[in-house]
Amino acid sequence: MKITYFLFFISLASAAKDNVNLDECYSKTVQDEAYDCIYDKSNKLKNEYNESFKSLITRIKKDKKVVMNFEDLNHGLLSSKKEWDKWLELECSTEANVYQKDTGFHDSIYDTCKIKNYLIRINYYRGFEFK
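Residue numbers (the working numbering): 216 to 346.
Derived by calculation from the structure, the hints in this document are not laboratory data.
Being a predicted model, the structure only gives us computed values, none of them experimental.
Check before you lean on any hint, since a few could be wrong.
Straight-line Cα separation of at most 25 Å, DSS-like style, residue types lysine-lysine; simulated pairs [unchecked claim]:
(1) K316 <-> K279
(2) K259 <-> K301
(3) K269 <-> K243
(4) K243 <-> K261
(5) K280 <-> K269
(6) K301 <-> K277
(7) K279 <-> K296
(8) K261 <-> K276
(9) K297 <-> K261
(10) K276 <-> K296
(11) K259 <-> K296
What follows is a list of derived Cβ distance ranges for each label pair [as the list claims (entries may be wrong)]:
(12) Y314 <-> D278: 22 to 30 Å
(13) N338 <-> N312: 44 to 52 Å
(14) Q246 <-> L288: 42 to 50 Å
(15) N236 <-> K316: 36 to 44 Å
(16) T273 <-> L305: 27 to 35 Å
Glycine is no exception: its CB is placed at the ideal position from the N, C-alpha and C atoms.
Let the hints inform the model, and build the full structure from the sequences given.
This is the structure we're talking about:
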């Protein structure tokens, strides 16, 4: 079990490199508090992910005169987000299902996976160029 926790904290450190400070989470002395902290950070990033998507759609609508295929781009982004959200659920469930379900550890692996992937997608939306 110690190896499992070691690997878990390695994955947290990896997420922290991507501008998410998880130090406060894995420095908690009570495991349940650490799991709750990771869950909270995952939810905050989910909100940031959704806001970054809305911001991209707003930017595109604002400048739709310069977008050659506005309707196709808008539809493609909406469809892509919907499919990516499904993929994320499956991907992170798969990662977490290596461990016993209905445990804080399982859920924290799931949330850490989401954190890692939300960061990637947020950067994608913020960096999306259409002009």
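So, going through the hints one by one against the coordinates:
The suggested pairing of K316 with K279 is violated, with an alpha-carbon distance near 46 Å, which exceeds 25 Å. Taken as a hint, the K259 and K301 pair is honoured in the structure, with Cα atoms around 19 Å apart against an allowance of 25 Å. Distance restraint check for K269 and K243: the Cα-Cα separation of roughly 34 Å exceeds the 25 Å cut-off, and the hinted pair is therefore not satisfied. A distance of roughly 23 Å separates the Cα atoms of K243 and K261; the hinted pair therefore holds under the 25 Å criterion.
A distance of roughly 19 Å separates the Cα atoms of K280 and K269; the hinted pair therefore holds under the 25 Å criterion. A distance of roughly 28 Å separates the Cα atoms of K301 and K277; the hinted pair therefore is violated under the 25 Å criterion. Annotation: proposed proximity of K279 to K296 holds, straight-line Cα distance about 19 Å (limit 25 Å). For the suggested pair K261 and K276, the alpha carbons sit about 23 Å apart, so the restraint of at most 25 Å is met.
Proposed proximity of K297 and K261 is supported: the alpha carbons are some 14 Å apart, at most 25 Å. Taking the CA atoms of K276 and K296, the gap is about 17 Å. The hint holds against a cut of 25 Å. The hinted pair formed by K259 and K296 meets the criterion: a straight-line CA distance of about 18 Å does not exceed 25 Å. Between Y314 and D278, the C-beta spacing of about 46 Å breaks the proposed range 22 to 30 Å.
A hinted range of 44 to 52 Å is violated for the C-beta pair N338 and N312, which are about 27 Å apart. At roughly 45 Å, the beta carbons of Q246 and L288 sit within the given window of 42 to 50 Å. Taking the beta carbon of each, N236 and K316 are about 28 Å apart, not inside 36 to 44 Å as hinted. T273 and L305 have their C-beta atoms about 29 Å apart, which keeps the hinted 27 to 35 Å range intact.
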